[in-house]
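For this one, chain A is given, so just place chains B and C on it according to the hints.
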Amino acid sequence: MSAIIHESGLRTLIDGWLASGKLVAAPVEVSGRVLYQRLKSSGEAILESRERPANSIKQFLFPRHQALFRYRLNGKQVELVDSADDTREQIIVAARPCDAASLPVLDHIFNCDCKDAGFDEARQRTTVIALACNSHDEACFCTSVGLGPSSEAGADALLVDLGDSEFEVRVLTDKGRKLFEGRTEPGTREAPALEGPPRKFDAGAVRQFLANGFDNPLWGEESVGCLGCGVCTYTCPVCHCFDMVDEGNAAGGERVRNWDSCQFQMFTQHASGHNPRATQSQRQRQRIYHKFSIYPERFGALLCTGCGNCARNCPAGLGVLRLLEKIDSRVRQQHV
Amino acid sequence: MIEQLRETCRRLLDEGSVQVIIGYGDSLPGKPARPLFIRKSEDVDQLTWGPHCLPNLTAYLKRKEVKALGNAAVIVKGCDEKALVVLTKESQVDRASLHVIGMACDGVCAPKCAGCKMRTPRFADEVIGTPSDAEPKAGTRPVTLEDLMAKTPAERWDFWKGEFARCVKCYACRQVCPLCYCERCIADKNRPQEILTSASLTGNFAWHIARAFHLAARCVECGECTRACPAGIPLALLNRALAEQTEESFGYQPGMDPDAEPVFGSWKATDKETFIR
Amino acid sequence: MSEPFEPKIVAYVCNWCTYLGADLAGTNRLEYPSNVRIIRLPCTGRIDFNLIVKAFEMGADSVLISGCHPADCHYTAGNYHARRRWILFRRLLDTLGIEMDRINFTWISAAEGKKWQKVITDITEKTRALGPYKAYRELHEVAG
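If you're matching them up, the sequences are chains A, B and C in order. Taking my numbering, the leading residue of the first sequence gets 842, the next gets one more, and so forth. Taking my numbering, the leading residue of the second sequence gets 2, the next gets one more, and so forth. Taking my numbering, the leading residue of the third sequence gets 331, the next gets one more, and so forth.
Chain A on its own, in the form it takes in the complex:
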């Protein structure tokens, strides 16, 4: 026995949430792409897993630009004004499992040392309804990092497409239960067995390579194509580096936090002029190490959900996937 909702019922629910002033986001078609965006009506939401959104849901909890506080200068007086936070409840619909799975990781990152009040507050008022994937493309590699097309990590509820505009609703947390209480019907249709993408690399073999591979010529050879933009980091569900700047003039301004990318030339630029990661291969190497070696060793989890956005969106077709495949193939060649 499972709980079923019809697509029309789901859209009615969404319109209800919007009408009651909640923020709702879902994959939407924009300019020929599919992107997670805030909805104005349920009609905009794409409720099938035909194309993975080119961005991720982290923007709804960790905005790409966030004012921390404002300040006014009156001569020698400094007046601080807290930035008004949004307190509206937020629901993300049809998040891919590889996006939902980023939340436990981000929860840890934003709380393991200092507690990021802004993130925690947004997290508390956010409910994530994931949609299991019944299709994947060549850039997907969730199954290589311990996830899969119907992974439940990070989701408050999981929808599984049964076909004929019907979804099985798996409620996973109290937040999820609250949203779907009394809105589903019992049903007996079996959810289809969902096959994810084939394995692209062996995460264990990669880890082994990284243990000794810091000076391997692979980094120099395989990152020449990287142009040093921030697409991979900004469309990655778990990348979370940020920069803080003061924007203002003699009358005042605001301190803001913006996304930053380890792939930018200036990322590790010191005021002295020295740059410890002056070449793109050093920056690419660092990204792989952070995600697949340093973070897992310290905190027991990969900093990657295998969504494939980095590979899919990279103007040069690289992303972490390309490097990991190259590492995997080298490791296998050595064992032949």
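Simulated from the structure, these hints should not be mistaken for laboratory data. Since we're looking at a predicted model, the values are computed, not measured. Any given hint could turn out to be false.
Under 10 Å between C-beta atoms, here's a sample of chain B residues computed to sit facing chain C [what the hints assert, rightly or not]: (1) T153; (2) W161; (3) T203.
In this text, a Cβ means the ideal position worked out from N, Cα and C, and glycines have one as well.
Just chains B and C, lined up with the frame of chain A:
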């Protein structure tokens, strides 16, 4: 064509005149070709050629990691080659030591391919293939400059506000552009902070105005900026508007005539305008 | 009862012609609206397009750029370079939907105190009728 290309590259590497070939490799299905940097002649079989060869490989000539590899040969389509003309004019490329392999092109399914008059590179050291008689394989633009200018200024403002709201300041548009080669971009300077770095609307307008205008009368409209944008912003429209005005006011088309005087490096007492009181 | 709108005009002027022209207006006691904030630069050739953008970012309602007449530039050709720049820059701004009425260009020489008075008066009144440049300032209020 591909065999001829591979043979050419094999020869160049074996001769030793070139240390790296910048060409097109494989790709994810349905996606543009990845760039390939071939150093050994036995690797030339990895080179590919076809409608997936969208990227403008001349963008790699500015990269210090590529320059460190030695003398380069670069594979170009007619449209890509226009960037080389500008780069040579701006002293960014030593044309004598760069080997240019031109490919006759039947279209790469991009909007720019419609009506292409540049099917064969004009200044390459060697050209491979001849274009077919058929119309090039082209894509369509979701929004054209005509559509945009048919709107009122207020509508245009709203349009760009909507588009720039999605900009995340990844700077992919800058990094893929062969003509954005400043060692330190103005957006990365903070004494003073000319361009706000925030991905706020104010910051995004500031960046896109700067990007488009620093390319004024230089942009060869290869379309890479729009292709690279992960948010689907039609950046090339801004460059098109400037290209139109450049031709209208100065009779200049970037990347066409290697001997033409660049617009901003020169002036004429007879330059016409009607807006200065 | 809110205060009536007083336009903020930012004028980027060249040191050798327009600035002296404005000065001449002053010494001749020619009254002109105090809405204008004059920013003196060596030459219009030095005026970066971004200065116009910054003025609007910082709350200007109109911008004026003014320099020496063609053939009279103190640095020989600075104003010619500037003219080329503005021909293209205006097109970019128009494509973006920026209100072109709020951007003004003039040639005002050191002897043209009266012209300065007229230009500033006209621009101020024109901007008063246009109202504050809300569109640019509102960019800041909209969530990014």
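Tested hints:
1. T153: holds, 8 Å
2. W161: Status holds, d = 5 Å.
3. T203: With a minimum Cβ separation of about 5 Å from chain C (threshold 10 Å), the hint on T203 (chain B) holds.
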